Every structure is written in C-alpha cells, then in structure tokens.
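**Q** Now for the letters of each chain:
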Amino acid sequence: MQQRPALTEIDINRDLLRPILATPMWFYGLLMFLGIFVAAALGAFAWAINHGTGVYGLNRPVMWGFLLVNFVFWVGISHAGVMLSAILRLCNAEWRRPATRAAEVLTVFALGTAALHPLFHLGRPWRIYWSMPPGYDFGRGIWPDIRSPFVWDPTAISTYLTSTALFVGLLLLPDIAVLRDRSSGMMQRVYSMLSLGWRGNTRQWKLQVIAGFLLSALILPVFVSVHSIVSWDFAVQIAVEGWNATIFAPYFVIGAVHSGVAGVISILALLRWMFKWENYIRDDHFDALARLMIVVAVGWFYFFIIEFMMGFYPNEEPELSLRALQLTEWPFNAAFILFALTSFFIPVPLWLFRKVRRNVALMFWTTILVNIGMWLERFLIIIPSLMRKQVLTFNWGSYNPSPIELILVGGSFAMVFTGVLTFAKFFPIIPLSDAKEGEIMATEIRVGKVMVPAAYREE
Amino acid sequence: MAGRSILGLFKEVDEAVEAADKLKENGIDDFEVLTGSPYPEGAFGEKVSNHRLYVWPLVGAALGFSIAILVTAGTQLAYPVVTGGKPILALPPMFIIAYEGTMLGAILSTIIGVIFESRLPKAKLGLYDTRITEGYIGLSVVVPDGNTDRVDALFKAANAADVKLEPVSA
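Chains as they are written, first to last, in our numbering: chain A, 1 to 459; chain B, 1001 to 1170.
Think of the hints as simulated: they come from the structure by calculation, not from any bench. There could be a bad hint or two in this list.
As the list claims (entries may be wrong) - Chain B is faced by these chain A residues, among others (derived, beta-carbon under 7 Å): (1) D145; (2) R147; (3) W152; (4) S163; (5) L166; (6) T202; (7) W205; (8) F344; (9) V348.
What you are looking at is a predicted structure, and each value in this text was computed from that prediction instead of being measured. Glycine included, each C-beta is placed from N, C-alpha and C at the ideal position.
Pulled out of the complex, with its shape left as it was, chain A reads as follows (with noise of 0.2 Å):
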C-alpha cells in the first residue's frame, strides 16, 4: 500500500524551496567539481578550433566518431523527460507529480547538450547560421539542400528544444510567484519581473492546467518526430549497409525512451539523495516508473532482434562483414556483450523483483546500467557501420577515438548535471503546484476494514 504523508502548503514551500533559499554549502562544491570538467570541454573544443577537426581521431572512412555517438545519446536522453512528462498529464496519472519537471529539464539539458555536438564535430561553429533560414548565405548564393536530413534534423531539435524550453517556462509561473513571494533583495525583483504579475487567479489555474494538457498533446508528435528525424540522419543513407534500414525509426524512438525514462529514474534518485526528499519522490513512484521500465525495455529490446535478425535474413555479404566485426572482433565483440547485458539482461530480470524496484540505490544503478548499455548501442550502430562501409576490404578502415573526444564526451555529461543542478539552484525541480494540487485532491477511502489511499480527479 501506498505510503502517504499529509503535506501542508507551508510544508512543500519548505522543502521544495530548500535547495533555492537555503542552498546547502555541497551544493556549490559539487558545482565547482562539475565546472572542471565542463571547463575542460570548452578547452578542449577551442583547441579543436585552433587545430582543426584533425585533433579528432576520424579518419577515411570513419568520418563520424565519438562526437556523434554522444550526439545521438543525448537526443535519445532529452526525449524521454517531455514523452514521460506528456504522457502521465495525459493519462492524469497521480504518480507523476515529482518526476514531470526533473524530466523536463532534463531534456532541455540533454538537448542543448545534443545540439553542441555537431557544433564540436564540424570545427567551424561560426558557420552553423549556413543552416537556419535568418543567416542563409544570399551573398555567395549559398542555399540549404532542404532534400537532406542534415536540414530535417536542426529544424526538428530546434523545435522540440524551443517547445520544451517554453513548455517549461510557461508551467514555471505558479512556482516561480511562490519564489517572488518567499524571496528578498534582488532576487525577489528577479522573480517578480519572471513571473509576470501571477495572481493565482481561477482563471489564470484554468488556464494553467489546460495549458499542461494541450501542450502535451502537441510535444508529443513532436517528440516522436525528432528521433525518426535522427535515425534518418543514419537510414536514408543507401551507402552505408548498416544503416539503410526502414525500421530505424521507431527502433531509435523507442530507444530513445527506454535511456530517456531511465535517465529520469537516476535523476529522482539523485534529487532524493541530495535534498532528502522522500516525502515527495516516493519509493512508489520508483515502483510504478520500474513497471513503465520493464514494458518500455521490452518493446525496445523487440526492435533490437528484429533489427539484428533482418541484418542477416538476406545473407549478403557486406552486412555480414559488419555484423562479424560487431560480435567477433575485439573491442567490439566486448562492447556488445557489455552492451546487451546493461541495456536488457541485467536490468529487466531485476527489475521484476518489487524489493528491487522500491530500492532507490538498486534503481539508481540499474538504470545507471542501461544507459552505458544505450551509449554503446548507439556506438555500435555508427562505428562499425561506417568501418564496414565499403564493399571492397582494402577500403576498410578503424577508428580511435582521441583524448580531445574523450574530454568533449566526458564534459557533456558534466554540462547535463551541471545545467539540471543550476536549474535547482534558481526554480523548484518539484513541482510545487503539482504537488500542492496533489495534498488537496487526496483522501483516503475505507474497504471493508482497511483505509485504502485515494486521489480525486476533476473531469
């Protein structure tokens, strides 16, 4: 049965709020800790600058390396906060409260984080308005092909980060008055001049909560758009035997969910540990996020043998050779048991256990496992491929990956953390309406001889 603590107003703004009005001193250390990494990424992106992309380990016919790879791991990442977040306001599922926020930041994170990716791979980022109808090059008659998926793709992440960033924003204004109404100084100017002159009107909650419901309806398209939209980047290539296959589009979206809600699942955990807020992130809602892991997981790992299996159903002898290097050759043939064990056979056994899923650490580093598991996936995908890329076998290369890579990939991680932790810091990662909502609405219901938890929903 669920546990369920009554919370008063004065209650949530106090825990909530915590981490803005009375930031722990940790919090700056562990900040200070993330900004060496993430300054080290920068430096190492001015070095590739100054050098040239050939500081990159990528080399004929390996063109598209590490960068890339952790490119389409943070799209994949960023998509799950929003579907998650969409998906339980549509389904008015009473569990969501905490988790819609830290989900949707961490897609805005992931995704910003995404979109510096091929800035890092080109070398040249001062160009990238080559790409975006304002800064379309007239003068030299420059114009985008938009035939290729190199335009689909900025136009959809852009969407879908603008969407998400406003989304966020918009739904910010309740909490972000509470914020004006709590704070002193400066910042209560900052929050007052944010939050836009919120009164908390019944007109102005209306609209709010209907805003949440048709915003997410409109997300979601959105959401399921963008990861086809990459997975294209790689299947409409005819010239890459890996790739050139139609399922890739909802392998990759479901993919994309499966790291996404598990990247979610290991934030909540982090966010409990850190604020201690286990009034809010309940092992309930670890419980019922593990059930939405074990179907997501399956109808994932389905797209995977279907994908794997029809490589080989039409015995030829280039798909062959890349799926030989994938599961024989060091270091692939490693990755891939690596791969397949954290993504799916160590995680989903486990997670079939109800003491496993309301076990917050075991959570944390299970879903920890999937998403090395879903790193690796996506460097199997892209890597090999473009090894085996060629028919003829003196025109097959390899590809190692160099530390200014390896700095740039570790430093993204350190930017996601780094932007979510900063988000803490200035507005409430919990839902404070949400959950204050959820205090009113609760009641308990008695069952013969038991009281039994209960939510009531307005229709």
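Once you've looked at the hints, dock chain B against the given chain A.
**A** Just chain B now, kept in the frame of chain A:
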C-alpha cells in the same frame, strides 16, 4: 465612481466558500478567488469566465505550415539543383519541414495564447498577500467606497484571518 479593492484571507476552504456565498447573497457576483494551488473549477462558487485558448494553436499551426512551405519551396526554387534525381520541389522532405513548422507554430501560439488569456504580463500585482502561496485563500472584490465596511464585516463574519483594503482609481 471611485471604488476600493478589498481582499479577505481565509485559512480554510469552507470559510472562503461561506464568504463567497455571502458576497453573492449581497448582490456581489464579481469577485476573484486567489489560491496557491489549482482547486477544481467552481469550488468557491465563483464565475467561470470563457476563454478562446483553443483557437490559438489552430491559427499558429496554419501560420507555421505556411511559413514552412514558403521557406522550403523558396529555397529549392531559388537554388534549383537536382539532387539524386529528385524533383526540385520534392514533397517528402517538404512535408517533414512543414510538419515541424506546423507544430512549432501551434506550440508557440498556444504559449502566447495562455499568457494573453491569463491577462499576463501585469506590471503591478494589485491587492495581494504573500500568505496566498502558503495555503490561504484570498477573496478579492472591488466595491464602491461606501460599501467597504459591509464587505469587511461580511468577511469577518465568515472567519477571515485578515482583511486588506486598497484604494482603486475610478
């Protein structure tokens, strides 16, 4: 006619409902309920005003679709290079960008619509109390100058925790 804004603060929902009922019994239907969390619609017997939010995404989607088609068709016609034997105006890729443009237009206009329909942004907060975001329920009403005592007494009779007054320009 000059009027004054008066705000009653109530600790319990039932007290606020009682005060709202008394306001209506005294012919004051137009009052504003201020809360720190979303209550079910009509919980205090307040008037529920209409909105046109559902029009905003439709208008935005049409605008986004039109701009996307203009940009995709325009760039292809302006730089007519045949790629991979595909027609200059290739519909599948145009559809992809038009889809994203449509959704972006719908989402942006919905967000603008929510802000506009919520009557935001407002430079001044008006008569307000920070206890509202702590769980108190505020009933705010603008009454003619002579009637403030009557509303004040009415709020106090309903066990208001506090009553605040503010001059309102005509």
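**Q** Hints first: check each against the structure and report whether it holds.
**A** We went through each hint and held it up to the structure:
1. D145: Holds: closest Cβ of chain B sits about 6 Å from D145/A, inside 7 Å.
2. R147: Holds. Min distance 5 Å.
3. W152: Since the shortest Cβ distance to chain B is 5 Å, the answer is holds.
4. S163: holds, 4 Å
5. L166: holds, 5 Å
6. T202: holds, 5 Å
7. W205: Status holds, d = 4 Å.
8. F344: F344/A check fails; min Cβ-Cβ to chain B is 31 Å, beyond 7 Å.
9. V348: violated, 33 Å
Hints 8, 9 from the earlier list are contradicted by this structure; the remaining hints agree with it.
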